[in-house]
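Chemist: As a plain string of letters, each chain reads:
2 protein chains.
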Amino acid sequence: MAGEESARNKQVVLKNHVSAGLPKESDMEIKESSIQLKVPEATKDAILVKNLYLSCDPYMRNRMKKLEGSYVASFQIGSPISGYGVAKVVDSTHPGYKKGDLVWGMTGWEEYTLITAPEVLFKIQHTDVPLTYYTGLLGMAGMTAYAGFYEVCSPKKGEYVYVSAASGAVGQLVGQFAKLLGCYVVGSAGSKEKIDLLKNKFGFDAAFNYKEEPDLDAALKRCFPEGIDIYFENVGGKMLDAVLANMRVHGRIAACGMISQYNNEQLDAVHNLMYIVPKRVRMQGFIVSDFYHLYPKYLETIIPHIKEGKITYVEDKAEGLENAPAALIGLFTGRNVGKQLVVVSHD
Amino acid sequence: MAGEESARNKQVVLKNHVSAGLPKESDMEIKESSIQLKVPEATKDAILVKNLYLSCDPYMRNRMKKLEGSYVASFQIGSPISGYGVAKVVDSTHPGYKKGDLVWGMTGWEEYTLITAPEVLFKIQHTDVPLTYYTGLLGMAGMTAYAGFYEVCSPKKGEYVYVSAASGAVGQLVGQFAKLLGCYVVGSAGSKEKIDLLKNKFGFDAAFNYKEEPDLDAALKRCFPEGIDIYFENVGGKMLDAVLANMRVHGRIAACGMISQYNNEQLDAVHNLMYIVPKRVRMQGFIVSDFYHLYPKYLETIIPHIKEGKITYVEDKAEGLENAPAALIGLFTGRNVGKQLVVVSHD
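In order, the protein sequence lines correspond to chains A and B. Per UniProt numbering, the first sequence starts with residue 1, numbered consecutively. Per UniProt numbering, the second sequence starts with residue 1, numbered consecutively.
The following block holds chain A by itself, in its conformation from the complex (with noise of 0.2 Å):
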């Protein structure tokens, strides 16, 4: 009875390349297949998974984009997009996966994925915290705060440390730690809500809008009268450029996405690189991937620091795949307060 092991495949569907401008829900669809749910007796290594939470990341806008020579490949028009989320599997013909095994990493957006090189997925042990952390504190994002934090900034217990998208998936974990490490830590971003989540529950010494700041280079020197010993870069522009005029000798900015120009036709204008060579900055540019043999420490780390709750994590959920393309879309507008995933299913 083949129409038992089948079923309802929605999926959210690229219409069209995006090549500047800020993205749209008619670029993306909504559409229904149907997939039979076990891999094909000829696919060896493969399994098939239950998508639950999709991850909506920054670099997704690239990838809508018609690429050449990117590090990431652009999303196929007609096909579902792709991106980080946590799945369930339904069923494997590879020996390290079983039936009703957890994993995240790189899946369809879609019900149901064929994954058929799963080696690169991460297996799901700790399932005491909330899954969903898995697409943001406990998956690529935590990752990247991690890395870009501990790996590439350098800190020091009582440096002033300042972080753009403080709010966001990355940002407020990079505030958590520098705290826990005993820094001083100003973040900010693009609403009121925001702000107080940035001082009251993430516990940043001060936040500022930057969208109420005629004068960036003022409000970072208000903030900084000593100036900035770490920029956790997540914005670039006109940000970046009145960071640059505000960093101490010695300092470090780590540059983990610049999601103020991903949709821009022309990059903005940065005029003061000239101050890293008096003031002998190291700004770092860095990818994730590069640091995933850190895992397994990173869990270490932060499994006990969640349950003493040491660290705290707000995410933004979009309910059902028809809501998806909007929740993407609201990274660029700022509309998500913490964390945006997806919740396909929760079960």
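Just so you know, the hints here were simulated from the structure itself, not pulled from any lab data. Keep in mind that this is a model prediction, so the values were computed, not measured. Any given hint might turn out to be false.
Just so you know, same-sequence chains aren't split out, so a pair can sit in one copy or run between any two.
Computed cross-link-like contacts, DMTMM-like style, restricted to lysine to aspartate or glutamate with a CA-CA straight-line distance of at most 20 Å [stated by the list, open to error]:
{"hint": "1", "residue 1": "221", "residue 2": "68"}
{"hint": "2", "residue 1": "15", "residue 2": "27"}
{"hint": "3", "residue 1": "238", "residue 2": "268"}
{"hint": "4", "residue 1": "192", "residue 2": "205"}
{"hint": "5", "residue 1": "238", "residue 2": "265"}
{"hint": "6", "residue 1": "192", "residue 2": "315"}
{"hint": "7", "residue 1": "157", "residue 2": "205"}
{"hint": "8", "residue 1": "307", "residue 2": "128"}
{"hint": "9", "residue 1": "88", "residue 2": "101"}
Starting from the known structure of chain A, arrange chain B on it as the hints suggest.
Modeler: What follows is chain B alone, placed relative to chain A:
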């Protein structure tokens, strides 16, 4: 007979600060005074030196501005300007120095200078090499090239290295160091004569005249079809922007100076910083004084290289303090070919 102990002291004096634009000879003037050729009796631990050779360096442009909060101090109006130079001790009240000692370090642009903190000078021990080399190859420029290349760039054999301002005091050495290590080295400079030097005297693998390249990005793509591992940054501005778009994954940029910017009122825009994220580029500003502890090690390496002819050095000598203002200004128009220095006296 006090008269016997005094001498004429010709000086290059700053007439006014120069905030933006190319400095003019008339921003400086030659003055004559006289000086007692003895350290005043009440002045302990000082030396009086006769200046032999003075170094013209790009960073001096900033000292011609009225600066606040810079890592270098402004030149004082009405006083002789100062810079690195080679000098001979005429008199000393410092136990570490005696008449006839040769030193290099910060001195005045004049015939004789009283130095009240001679501890920061370097004593010249090796005199079997041209003494003028201590204004460049064996002085600040040499240490800049050495520390910048070996310490900041983390170079590896076989890497693709690009040097701008490549025939200058620092660039010509960086290129030769990179060749000695087994890198592929391309340099740029601003005249045919300089390009010939790069290729035929310093052994660069290729070189181009940036003034004849309508499209710097295309020039770099032609010279580095596989991209740039290491960029030794001496110029800034448009060149830096073009380089950022041509860096390889895990590339390094050592930002030594940005001479193209020093006369600008408005700093040039850099648009391509975003590339440092996917390419994981490390960009590091540095100043040589952080590395002077390596000077003895540098000498140990470089002196044999000079004697064996493995390292060569081209100098551009202006004769006499009268020609010093023009020599200094010439750095910013690219008039100098090789390391620019001023001969005050040959002994």
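Chemist: Is it within a copy, between copies, both, or neither that the alpha carbon of residue 238 lies no farther than 20 Å from that of residue 268?
Modeler: Classified as both; 7 Å inside a copy, 14 Å across copies.
Chemist: What label fits residue 15 with residue 27 when the C-alpha limit is 20 Å: within, between, both, or neither?
Modeler: Intra 5 Å, inter 64 Å, cutoff 20 Å: intra-copy only.
Chemist: Evaluate residue 221 and residue 68 at a C-alpha cut-off of 20 Å and name the case that applies: within, between, both or neither.
Modeler: Between copies only: 16 Å across chains, 40 Å inside a chain, cut-off 20 Å.
Chemist: Between residue 238 and residue 265, at a C-alpha cutoff of 20 Å, which is it: within one copy, between copies, both, or neither?
Modeler: both (16 Å within a copy, 19 Å between copies)
Chemist: State whether the alpha carbon distance between residue 88 and residue 101 is at most 20 Å within one copy, between copies, both, or neither.
Modeler: within (6 Å within a copy, 79 Å between copies)
Chemist: Is it within a copy, between copies, both, or neither that the alpha carbon of residue 307 lies no farther than 20 Å from that of residue 128?
Modeler: within (9 Å within a copy, 69 Å between copies)
Chemist: How would you label the pair residue 192, residue 205 (within, between, both, or neither) given a Cα cut-off of 20 Å?
Modeler: within (16 Å within a copy, 57 Å between copies)
Chemist: From the Cα coordinates, with 20 Å as the cut-off, is the pair residue 192 and residue 315 best called within, between, both, or neither?
Modeler: within (17 Å within a copy, 61 Å between copies)
Chemist: Can you give me the call for residue 157 and residue 205, within, between, both or neither, at a CA distance of at most 20 Å?
Modeler: within (14 Å within a copy, 46 Å between copies)
Checked against the numbered hints given earlier, the structure satisfies every one of them.
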